[in-house]
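Q: Sequence lines, in order, name chains A, B and C. Position 68 (the first sequence) corresponds to 118 in our numbering; numbering is contiguous. Position 195 (the second sequence) corresponds to 245 in our numbering; numbering is contiguous. Position 136 (the third sequence) corresponds to 186 in our numbering; numbering is contiguous.
Rather than coming from a laboratory, the hints here were simulated on the basis of the structure. Remember, predicted model here, so these are calculated numbers, not experimental data. Check before you lean on any hint, since a few could be wrong.
Any copy, or any two copies together, can satisfy a pair, since identical chains are not distinguished.
[What the hints assert, rightly or not] The list that follows gives simulated cross-link-like pairs (lysine-lysine, DSSO-like), each with its CA atoms no further than 30 Å apart:
no.: 1; residue 1: LYS221; residue 2: LYS142
no.: 2; residue 1: LYS331; residue 2: LYS64
no.: 3; residue 1: LYS177; residue 2: LYS331
no.: 4; residue 1: LYS244; residue 2: LYS177
no.: 5; residue 1: LYS244; residue 2: LYS331
no.: 6; residue 1: LYS331; residue 2: LYS142
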Amino acid sequence: MPSSGNAVTIFLRKPMNWFLLFIPFTVALEHVHSIPAPVLFFSAALAIVPIAGLIVASTEQLSTRTGDAIGGLLNATFGNAPELIIALVALKAGLLDMVRASLAGAILANLLMALGVAFLLGGLRFKEQRFNPVATRAYSTMMFVAAVSMTVPSAFNRAFATQGGPIREEKMLNIGIAVLLLLAYGLYLLFSLKTHPHAFASVESGQSGGHDLDEHWSVTRAIVTLVLASAGAAWMSEILVGAAEGTGKALGMSQVFIGIVFVAIVGGAAESGSAIAMGRKNKMDLSVGIALGSCIQIALFVAPVLVLASYFLAPRPLELAFGRAEIGSLFMAVLCGALVCGDGQSNWYKGIQLLTVYAIIALMFYFMPAAT
Amino acid sequence: MPSSGNAVTIFLRKPMNWFLLFIPFTVALEHVHSIPAPVLFFSAALAIVPIAGLIVASTEQLSTRTGDAIGGLLNATFGNAPELIIALVALKAGLLDMVRASLAGAILANLLMALGVAFLLGGLRFKEQRFNPVATRAYSTMMFVAAVSMTVPSAFNRAFATQGGPIREEKMLNIGIAVLLLLAYGLYLLFSLKTHPHAFASVESGQSGGHDLDEHWSVTRAIVTLVLASAGAAWMSEILVGAAEGTGKALGMSQVFIGIVFVAIVGGAAESGSAIAMGRKNKMDLSVGIALGSCIQIALFVAPVLVLASYFLAPRPLELAFGRAEIGSLFMAVLCGALVCGDGQSNWYKGIQLLTVYAIIALMFYFMPAAT
Amino acid sequence: MPSSGNAVTIFLRKPMNWFLLFIPFTVALEHVHSIPAPVLFFSAALAIVPIAGLIVASTEQLSTRTGDAIGGLLNATFGNAPELIIALVALKAGLLDMVRASLAGAILANLLMALGVAFLLGGLRFKEQRFNPVATRAYSTMMFVAAVSMTVPSAFNRAFATQGGPIREEKMLNIGIAVLLLLAYGLYLLFSLKTHPHAFASVESGQSGGHDLDEHWSVTRAIVTLVLASAGAAWMSEILVGAAEGTGKALGMSQVFIGIVFVAIVGGAAESGSAIAMGRKNKMDLSVGIALGSCIQIALFVAPVLVLASYFLAPRPLELAFGRAEIGSLFMAVLCGALVCGDGQSNWYKGIQLLTVYAIIALMFYFMPAAT
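Please construct the entire structure, taking both the sequences and the accompanying hints into account.
A: Put into structure tokens, the structure is as follows:
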């Protein structure tokens with residue numbers, strides 16, 4: 051058992067935790083009135099990265115104490131807490147375009163960027179890496195269902211929304227789809243944790259399904275960390291979201307680009323980091339599971355929760371009405387992911403393929419005129 | 051050999067056959083002038099279900115007497131007779147939108163609903179069910195070719211049709227594609243019945259390719275049943291189609307929703323029922339074969355026959371000009387089916403995935419304003 | 051070692067080489083002023099077929115002398131020289147629509163027609179043919195990345211191009227994507243020639259990766275042939291491109307149809323011929339490798355080179371702004387190819403499936419009004 055002093059030493063030994071210094075720095079910056087928005091934005095972004103890491107770490111600590119099923123449930127529910135918190139803050143501020151962009155961007159970042167870097171770096175160390183193709187196909191199909199669930203209300207909006215905003219039928223459709231997705235997500239947890247956990251087992255015999263923890267926290271410490279980190283994430287998110295508009299203007303970037311690239315990467319940094327680290331350790335099942343599992347959570351849990359929450363929190367309801375470019379990118383990413391991962395093997399060039407698609411999509415959003 | 055009296059007992063022992071009472075009931079209802087359209091519509095729908103069952107049963111009886119190749123041909127040609135009869139009646143009545151909706155809906159109902167229920171109910175009894183992945187890939191590719199063959203004329207129509215209806219080139223394109231599809235269908239029968247029947251063989255050694263029949267009919271009985279049931283189907287279809295418009299108005303549903311959900315389910319009830327029953331008996335190859343084979347027949351045989359027949363029967367020619375929502379749904383269903391079935395395994399959650407996509411699509415058509 | 055006279059005999063023994071007589075014939079025709087454009091067009095087309103064969107043959111001869119890596123590079127770079135030369139000539143003439151149509155058409159012709167004929171003819175001789183599914187999946191993913199890279203600028207153009215032509219951002223996007231594609235292509239060569247050549251190895255043990263050459267040329271002869279044939283290709287291409295417009299008008303065909311079907315088939319005739327010949331010899335890995343490899347070269351090497359070259363050669367820059375019909379066809383072809391080839395097996399009916407999709411697409415372009 052490490053003593054408290056020892057715990058601090060361990061804490062400071064991780065370079066990631068030094069980034070926590072960006073929290074007081076960001077708070078201080080906020081009181082400097084002449085500060086340029088981009089400085090504030092990127093300072094808050096850098097502060098969120100270690101906070102997201104702490105949320106993920108304390109959830110994992112809690113989940114090891116609770117048995118597989120509840121632990122899996124905890125991980126599944128809190129795993130995307132950073133994305134959820136940022137999106138809720140943006141929702142409350144009425145920045146619905148940024149909420150949608152950050153949802154789509156989080157899926158693109160996990161599916162194309164995190165997995166692409168994991169395949170590339172893993173593939174540079176190991177000639178051929180293998181993972182469970184049955185699990186990957188289950189993930190791919192879920193991703194496809196998720197893409198369908200986002201396409202339908204988007205197409206509906208484009209076809210039928212009037213000048214005065216969405217029609218009544220569109221609201222009903224969005225609520226209906228949100229309820230269906232939450233149901234499908236609940237059954238997915240039942241399937242993956244209870245009835246068919248073996249389908250998600252690793253191809254390498256010795257590898258456990260869970261994360262290797264280098265330290266063990268008490269339950270109190272885990273809960274306190276989780277609560278504090280969540281509060282910190284909410285605080286920094288408010289500063290981040292508040293500075294987003296000014297940042298876009300200062301750097302000549304559209305709101306959609308800021309949301310789909312920067313906000314999405316910041317929210318998912320903890321998981322992207324884990325997926326990449328596992329890829330470099332040749333634990334491909336964990337790597338693919340984290341990256342694709344995170345996409346599924348965002349599409350089937352975070353997105354419908356935001357739709358339903360918008361009726362209580364937001365100035366106006368959130369519809370899953372993505373633009374053509376976002377929906378097109380999602381479909382291309384999902385099909386590309388299914389093609390790349392479908393055979394349960396990876397190599398460095400598969401990473402390049404995913405990253406090329408990500409780069410093409412990012413370029414498109416970068417050059418897209420702001421009016422749309 | 052069962053005596054005639056015995057045959058009646060067997061006949062009445064099947065709960066399905068009691069539904070035949072809906073035939074006289076529907077005919078009687080039709081003469082009550084104040085009857086609400088939905089009552090007549092659903093009564094005719096319930097009458098068609100056992101008639102469709104009789105058509106399928108008599109075709110199977112005939113096909114066991116004729117040897118494999120001719121039997122297969124008979125099954126392939128008359129297997130979707132109920133859908134064809136309903137569509138021909140609607141075609142004659144000039145309800146081209148309903149014809150198109152029922153074609154698209156029949157594919158969605160077979161691919162997503164029937165297969166989804168079969169996977170779900172089968173998967174609740176058997177942890178993992180297996181089927182021949184080579185056959186499934188052949189079906190998936192055929193489905194994809196079929197989706198392409200429907201997309202091309204639909205896109206053409208959207209781009210080039212004028213106020214005054216389709217241009218001459220569009221009619222030529224539709225006839226050309228119809229001829230190509232019938233050619234491809236003929237060669238598909240040659241492939242699956244003559245040159246490569248083994249590719250469609252069941253993965254379980256003992257399982258025969260054909261249906262288990264609990265009774266054997268004489269050829270005369272089979273032919274008489276087929277003729278009478280077809281006539282009955284045509285009669286009930288006329289009442290069904292005639293009441294469709296009034297039903298939509300009374301229930302506040304669009305014509306497209308009535309066609310794509312109710313008419314499609316009624317026409318395919320017999321086959322959907324078989325596919326689900328086979329899934330529950332763990333005969334997955336038959337289940338998948340019936341559901342996907344039926345989709346292929348509709349797209350490659352029923353649809354082009356209707357296009358060509360419209361030049362003789364319908365007040366104006368039928369173009370395969372589906373709306374965006376229908377084409378989008380078809381593509382999503384086909385890709386989803388290919389992803390779900392591609393590995394030759396199923397479980398209860400794959401059923402949920404297919405049903406979720408079906409529910410999302412049905413919700414969309416339900417909420418879609420009638421104007422489109 | 052064949053003597054020089056012997057070489058001429060061998061040369062004339064190939065029926066293909068007799069087509070070289072179309073070169074002087076075309077040149078003569080060009081000076082007859084009243085000659086109808088279609089006669090000149092098809093004469094030049096027939097002249098290009100054997101020239102393309104000579105370019106491919108001399109590249110192969112050179113590549114056998116240089117070791118695997120350099121040889122592979124040579125083949126990869128000059129393999130689509132005929133397409134590149136025709137496109138450069140059309141680019142210089144400012145026929146940007148024809149350049150785009152011939153790029154899209156070359157992919158369709160290789161992926162659907164050449165492979166379809168190879169599967170059909172091969173499958174008529176051999177019941178079941180097998181090839182390396184790992185390599186095919188790598189090709190499919192590359193094709194998908196290529197389709198994405200063409201979709202993004204096309205959608206961008208449709209959404210944002212103004213009356214006065216493409217906006218500045220669109221040009222930047224096109225240049226950015228062209229650079230990304232060339233990078234991805236360079237890394238693909240590194241992957242397939244250096245780090246993972248085994249992934250592209252043939253499934254049949256005895257079969258070598260290279261082509262069987264029935265004769266060996268001296269390096270001088272190979273280089274002289276390559277230079278002369280390239281010059282001849284450029285000459286005939288100028289006549290071909292010059293007569294294209296008149297041919298379209300005379301035969302009532304749109305420029306897009308001429309480009310997407312005729313020009314594309316002419317440019318790829320040499321490789322299509324090889325792919326089909328290998329299919330008939332049951333060398334399916336070579337057949338699939340030639341057909342799909344050629345598609346990848348066109349999308350990842352020829353297309354970006356043309357975009358960049360247009361800034362120096364063409365009257366205005368070339369954008370990868372394909373029409374909806376072209377992009378839709380490309381995606382359908384790529385997904386269809388992935389479904390058909392994904393399991394590493396082929397039979398005659400898979401050929402029919404590919405050819406049906408090709409025929410449907412060709413019909414669409416044939417009937418498409420010229421205005422679009």
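Q: A separate judgement is required for each hint: does it hold in the structure or not?
A: Do the hints match the structure? See the list:
1. LYS221 <-> LYS142: Within one copy only: 18 Å inside a chain, 38 Å across chains, cut-off 30 Å.
2. LYS331 <-> LYS64: Only inside one copy: LYS331 and LYS64 sit 18 Å apart there, 57 Å across copies, limit 30 Å.
3. LYS177 <-> LYS331: within (13 Å within a copy, 33 Å between copies)
4. LYS244 <-> LYS177: between (35 Å within a copy, 12 Å between copies)
5. LYS244 <-> LYS331: Close inside one copy (28 Å) and across copies (24 Å); limit 30 Å.
6. LYS331 <-> LYS142: neither (40 Å within a copy, 52 Å between copies)
Comparing the model with each numbered hint stated earlier shows that hint 6 is the single one that does not hold.
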